[in-house]
Structures are given as C-alpha cells and as structure tokens.
Amino acid sequence: MADSVSESSALTVTRPYEIRSTRPEWHAPWKLMRVISGHLGWVRCIAVEPGNKWFATGSSDRTIKIWDLASGTLKLTLTGHISPVRGLAVSSRHPYLFSCGEDKMVKCWDLESNKVIRHYHGHLSGIFSMSLHPTLDVLVTAGRDATARVWDMRTKQCIHVLSGHKDTIADVQCQEADPQVITSSMDKTVRLWDLAAGKTLTTLTHHKKAVRALAVHPTQYAFASGSADSIRQWKCPEGTLLQNFEGHRSIINTLSVNTDGVMVSGGDNGSMCFWDWKTGHKFQAMETMVQPGSLDSEAGIFASSFDQTGLRLITGEADKTIKVWKEDDNATEETYPLDWKPKLARRRY
Amino acid sequence: MTTAARPTFDPARGRESKGPKLQTSARDLPSHTTLKYRQPESETSLEQKVDDLKQQLLEAEREHFRKLKAGSGAAAIGSSEPTPGQVDSESATPQLDDEKRRQLLEQVQGWDVDDINSTSFSSDENEDDSDDDGDDDDDDETAQLLRELEKIKRERAEEEAKKAEQQALMEESQRTEQLLGGNPLLNLNNGPSFAVKRRWDDDVIFKNQARDVDDKPQKRFINDMLRSDFHRKFMDKYIR
Numbered sequence: 001m002a003d004s005v006s007e008s009s010a011l012t013v014t015r016p017y018e019i020r021s022t023r024p025e026w027h028a029p030w031k032l033m034r035v036i037s038g039h040l041g042w043v044r045c046i047a048v049e050p051g052n053k054w055f056a057t058g059s060s061d062r063t064i065k066i067w068d069l070a071s072g073t074l075k076l077t078l079t080g081h082i083s084p085v086r087g088l089a090v091s092s093r094h095p096y097l098f099s100c101g102e103d104k105m106v107k108c109w110d111l112e113s114n115k116v117i118r119h120y121h122g123h124l125s126g127i128f129s130m131s132l133h134p135t136l137d138v139l140v141t142a143g144r145d146a147t148a149r150v151w152d153m154r155t156k157q158c159i160h161v162l163s164g165h166k167d168t169i170a171d172v173q174c175q176e177a178d179p180q181v182i183t184s185s186m187d188k189t190v191r192l193w194d195l196a197a198g199k200t201l202t203t204l205t206h207h208k209k210a211v212r213a214l215a216v217h218p219t220q221y222a223f224a225s226g227s228a229d230s231i232r233q234w235k236c237p238e239g240t241l242l243q244n245f246e247g248h249r250s251i252i253n254t255l256s257v258n259t260d261g262v263m264v265s266g267g268d269n270g271s272m273c274f275w276d277w278k279t280g281h282k283f284q285a286m287e288t289m290v291q292p293g294s295l296d297s298e299a300g301i302f303a304s305s306f307d308q309t310g311l312r313l314i315t316g317e318a319d320k321t322i323k324v325w326k327e328d329d330n331a332t333e334e335t336y337p338l339d340w341k342p343k344l345a346r347r348r349y
Numbered sequence: 001m002t003t004a005a006r007p008t009f010d011p012a013r014g015r016e017s018k019g020p021k022l023q024t025s026a027r028d029l030p031s032h033t034t035l036k037y038r039q040p041e042s043e044t045s046l047e048q049k050v051d052d053l054k055q056q057l058l059e060a061e062r063e064h065f066r067k068l069k070a071g072s073g074a075a076a077i078g079s080s081e082p083t084p085g086q087v088d089s090e091s092a093t094p095q096l097d098d099e100k101r102r103q104l105l106e107q108v109q110g111w112d113v114d115d116i117n118s119t120s121f122s123s124d125e126n127e128d129d130s131d132d133d134g135d136d137d138d139d140d141e142t143a144q145l146l147r148e149l150e151k152i153k154r155e156r157a158e159e160e161a162k163k164a165e166q167q168a169l170m171e172e173s174q175r176t177e178q179l180l181g182g183n184p185l186l187n188l189n190n191g192p193s194f195a196v197k198r199r200w201d202d203d204v205i206f207k208n209q210a211r212d213v214d215d216k217p218q219k220r221f222i223n224d225m226l227r228s229d230f231h232r233k234f235m236d237k238y239i240r
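Chains as they are written, first to last, in full-length UniProt numbering: chain X, 1 to 349; chain S, 1 to 240.
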C-alpha cells in the first residue's frame, strides 16, 4: 500500500511540452457589402491591382473584366481566351496583367495598351492556376497536365518544368524566400519546390483529399493549404505542420489571408469560414446568398482575394456574381463576444 | 475521327522535353523583347503604404456613396425648387456684400504695406526709435487700421451668420414640405387614388377562361440563359 502511494507521488504529472491554449484575437464579423453582377459565367479568379484602384476577374464566360474597387463599376472587358479564364495576376513591378485559362494559353496583357503582347506556349492541358514571383521576372503556371511551368517573362521561354505531381495541380503560389514555389494538387499532396534547381524540396502528404487551395501569409513565413478534409497551416522553409483549422465541412475551393490575421476559406457549397490565423479559431461561419433568379445549388465560391489593404474581401461565385465583403464597423467585442472555450491541447495530426 | 467531344479521363502529363523543337509558332518568335517597368516606388515603409491605401480606399468609397446619395436626393427633391423671389433675394445680398468688400479692399490696398507691418508687429521697436515726429501719425494710422480691420471682421461675421440663417431656413422649409407631402394618405386629393378600378367584365361569370394567358407576365430575372423567359419564348416561337 505504501508502495503504491509513493509511486503515485513519483508520478506527478510532468507533461512533455507546455499545454496552453492561447485565447484567439477578436475580429469583427464580416458582412456583405456589395454584389456585382456582370459576368455571364462562373467567376473563377480574382486579382487586385497593387495600387488598389481596381481589380480584375476572370470568368467561365471567357472574359476578363476589370472593375473599380471603390465603386464596383465595370471599367473594361478583355476578350481573347477561348475557354474559361482560370488564373489572373497583376504584376507589381510591371504594367502587365497575366491570365491563363483552360485553353492552355497564358497571356500577358499590356495594361498601357490593353493588348496581348506575349503568349507562353507549352502546357499540354488546361491551366488552372498561376502566380508571379515577387522579385524575379518569372511566372509560374500549373494545371491539368500535372506540371508547373516556370516561364521567363521576357523571352517567353519555359525555364523549368516542375514535374512530380501525379495529378492535376490545383493551385500554385510563389514567394520570395525558399521554397519559392508551392503547388497543391489533386493527388492529395503539397509540394515545395526549389526554383533554382527545378526540383522538389519537400512533399507534404498529410491531406486525405485533393488540395485545391493554397494561401501564403503576406508577412509571416508560413502558408495554409485547404482540402475537403481539413485546412492546415505550415511553417515555411521545411514545411512543418503548425496546426489544423477544423470545422469547414465542404470542398474548399479557395483560401485567402490578410495582414490582420484573418483567413477566409470558401467552400464549393457556398459556405464561408473566417479563421483567426494565429490560433486557428473559427470566429465566423456563413453561407453566401445566391442572387435572385438563380438556383440554390448555384451557391459556390470559386475565388477569393483580399484587397491590398485587407479591408475588403472579394469573392467570385458560382451564381455569376462578384461579392465584396467588409468588416462590420459597428461590431464590438461586447456585441459579438468571442465564442471560444479553451481546449486541453491544440490537436495536431 | 475527332476525340474533341470525349471526356479526357487521363489527361496528358507534361514533362521536360529535351529534344530540339522542329517547329516554332509565329507567336513564339521573338517580339516585345524589352520588359516595361513601373515607376520605382518611393521609399515608404510597408505599413505607411498600406495606411495610405486604406485612406484612399475609404475616401474613394465615401465619395462614391456621396455621389449616389446626391443623385437619388436630387431626383427626389427636384420638384421643390426655390421660388424666384428667394433666388432674387439670395443673389442680391451677396452682390451688395461683394461691392462693399471690394471697396474695403481698395482702401486697404491704398495703405502702405510696410507701414502696417512696422506698426502692428514691431511696436516695441518703435518705442526705442529716436524719430518722434512720425510716431503720432503712426499711432493714429494704427488705430484707424485696427478699426477698419475690426469693421471688416464684423461684417464678415454678419455675412456668415446671415448665410447660416438662410441655409437653416431653406432646410426647414424643405423639411416641412417633405413632411407635408411625404405621406400619401394625407394628400389623397392630388396624389394617386386608391380606388379600385373596375373592369368592364368584373361582374361577368365566365372570365379568365383561356389557359396559359397572363395578360401581363411579370418581368423577372433568371440567372441562366437557357432557362430565361426570353430563351424559352424564343424556342417556343421559332424552333419547336
């Protein structure tokens, strides 16, 4: 008997690591501010200009439309693609807009003359995503042929063919520091690439479903990947799992992060979740409303992007509208208290 | 046979091709061989830049909403324009004031600028001055000047007050007009009548017998070209 007592006292709990759940930061709830209808098809991609005056949307109606950010009025329609436009990017260092589509074409539009001046030819199938390198004159496109191609912006030459994925690449993101290219694929993996060598640095195999969305944090050295089973946050150079964002039960089409630490995930069934980036707490979940005249099943979010300041969220939706969301100005921590209970440990698996 | 209509269950996988290209597309030929660059950004911190962008966005949105409101407000108020009498009085007073102001300005311009400076701002220097004969004149002039300035100020203040008063009056009258005319139930005699319009066939037994005849199908928006009323009607009319 005495033995057991002494044993239990010896077993005073010392946990291997400190378990402390941090209280998430409070964020104002987001609400719908504006609905822009003008596209004749699904709105598949969004890019906001670095000067924050306008944004461009690409749609399944094969057009790219440019909208004024403050007033939401149409400024310009660009035609030229012959299939849905799936990726858009505005360069912050050049007066160029890049677009790619399911017609295997990557186009470089000169924003001073609004004309296509370059084509980047080489993909074997539809291109689903593209990203510009922030400091090099290089663009990366990826798509259904399971490769990501790195193009020299000026000479239109393919520098690297990043092959290794076994299925369609759904999203690609570039950043300044290594890994400079991150791709996520329908083969349930995320790959981090060495841009100089054109080889895979790391393959992340945690996801159980196709990974359709990636989001790189604008200031932190971390990124998030979203698939139908979960959203995961990774630390950058080596790709260690930081945490899971749990509770969005849908196919996740898009992820966006702003500098205030708000992450948005947009689902294929029109559900949206807003997360605290630091702690992974879901502070708001809602459904988009379809515009009157469309079916309920037409609720779906394909693309999302914060503007350059993070004050407005722009989403491209399956009901052919673009919706602009903003934080509720009147909300305070008293009117919308934080719905959060501390858990024993942050689960990571 | 073309395979364009078949679904591609196993799409082509891309890979690095080492072989030389035998054909080049016209689009691949070198053109636009120089890159354009944007103006290099000024050396501001990221936070400063973001703050600026925030201010600009909010300001632009405010401007947009103000314009919207002004547009709708003008349409609503349109009927209640100021009467000719009001306009006359309004335009007459500023004219008079302008005249007066002009005269005053001319007077002031007549005086020497150096004089004003020396008298009003460096009076303590003047005390040390050995020149006594100019001093009295200076004092006189300063007093006069101060009086003039005082007068100008007073007149300006009066003008301001008058303007504010007129503005308030205008707003008040508009508001009362709005209040009086806004409620349709209060001015039934000249507003829309709520009497039920009787049709000639109201008391007939057999009416609305034809099938599928809406005398006026309401216009509605359907977010699908193939399901839209226009397309349906078109197909019924010309294709079937």
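Rather than coming from a laboratory, the hints here were simulated on the basis of the structure.
Mixed in with the good hints there might be a few duds.
What the hints assert, rightly or not - Here are the simulated DSSO-like pairs of lysine-lysine, each with C-alpha atoms no more than 27 Å apart in a straight line:
id: 1; chain 1: S; residue 1: Lys18; chain 2: X; residue 2: Lys166
id: 2; chain 1: X; residue 1: Lys75; chain 2: X; residue 2: Lys31
id: 3; chain 1: S; residue 1: Lys18; chain 2: X; residue 2: Lys53
id: 4; chain 1: S; residue 1: Lys69; chain 2: X; residue 2: Lys326
id: 5; chain 1: X; residue 1: Lys75; chain 2: S; residue 2: Lys18
id: 6; chain 1: S; residue 1: Lys21; chain 2: X; residue 2: Lys199
id: 7; chain 1: S; residue 1: Lys207; chain 2: S; residue 2: Lys233
id: 8; chain 1: X; residue 1: Lys53; chain 2: S; residue 2: Lys207
id: 9; chain 1: X; residue 1: Lys166; chain 2: X; residue 2: Lys199
id: 10; chain 1: S; residue 1: Lys219; chain 2: X; residue 2: Lys53
id: 11; chain 1: X; residue 1: Lys278; chain 2: S; residue 2: Lys49
id: 12; chain 1: S; residue 1: Lys67; chain 2: X; residue 2: Lys282
id: 13; chain 1: X; residue 1: Lys115; chain 2: X; residue 2: Lys188
id: 14; chain 1: S; residue 1: Lys21; chain 2: X; residue 2: Lys166
id: 15; chain 1: X; residue 1: Lys235; chain 2: X; residue 2: Lys341
id: 16; chain 1: X; residue 1: Lys115; chain 2: S; residue 2: Lys197
id: 17; chain 1: X; residue 1: Lys115; chain 2: X; residue 2: Lys166
id: 18; chain 1: S; residue 1: Lys49; chain 2: X; residue 2: Lys31
id: 19; chain 1: S; residue 1: Lys69; chain 2: X; residue 2: Lys75
id: 20; chain 1: X; residue 1: Lys188; chain 2: X; residue 2: Lys104
id: 21; chain 1: S; residue 1: Lys54; chain 2: X; residue 2: Lys75
id: 22; chain 1: S; residue 1: Lys36; chain 2: X; residue 2: Lys31
id: 23; chain 1: S; residue 1: Lys54; chain 2: X; residue 2: Lys326
id: 24; chain 1: S; residue 1: Lys36; chain 2: X; residue 2: Lys326
id: 25; chain 1: X; residue 1: Lys31; chain 2: S; residue 2: Lys67
id: 26; chain 1: X; residue 1: Lys31; chain 2: S; residue 2: Lys69
id: 27; chain 1: S; residue 1: Lys197; chain 2: X; residue 2: Lys53
id: 28; chain 1: X; residue 1: Lys326; chain 2: S; residue 2: Lys67
- Item | Numbered hints the structure breaks, given as an ascending list | 3, 5, 8, 10, 12, 13, 16, 17, 22, 24, 27
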